Amino acid sequence: QVQLVESGGGLVQAGGSLRLSCAASRSIFSIYTIGWYRQAPGKQRELVATITTRGITTYVDSVKGRFAISRDNAKTTVDLQMDSLRPEDTAVYYCNKWPAVAGVSWGQGTQVTVSS
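Using our numbering, the final residue of the sequence shown is 118, and nothing's skipped along the way.
A portion of the hints provided could be inaccurate.
Said to hold, decoys possible - Pairwise CB distance ranges, derived in the manner of DEER restraints:
#, residue 1, residue 2, range
1, S32, V106, 39 to 49 Å
2, K77, G44, 15 to 25 Å
3, K66, Q41, 17 to 27 Å
4, K45, N75, 27 to 37 Å
Said to hold, decoys possible - Straight-line C-alpha distance at most 30 Å; calculated DSSO-like pairs for lysine-lysine:
#, residue 1, residue 2
5, K99, K45
6, K77, K66
7, K99, K77
8, K66, K45
9, K66, K99
The set of hints was computed from the structure by calculation and includes no laboratory data. These numbers were taken from a predicted model, which means no experiment stands behind them. Every residue, glycine too, gets a C-beta built ideally from N, C-alpha and C.
With these hints in hand, go ahead and build the complete structure from the sequences.
Laid out in structure tokens, this is it:
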């Protein structure tokens, strides 16, 4: 049963913007903090941003001021607006519950490629 589905990735030039969307089942959306994660080639997956059920957000330092996470309670989606993109933001982006404990299932993610 797929409970989290990512979409919205693509190819963009440095300085450009993309908006990712995570469609979550209501059972997850209403209970858990949701995080956006990313995994660049050859690197470990890292947490990018989180948003609680009450809308409290956190960001990794490297994206502060450039990315914004938000949630739509009616649509049960969590979006990640990414502005001023850099080549180092290139990665596969995933959404999942936070914290993502060992053994948790991951979706296919969505590829973000930023060209210089």
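Go through the numbered hints given earlier and state which of them the structure violates, listing their numbers in rising order. 1 and 2
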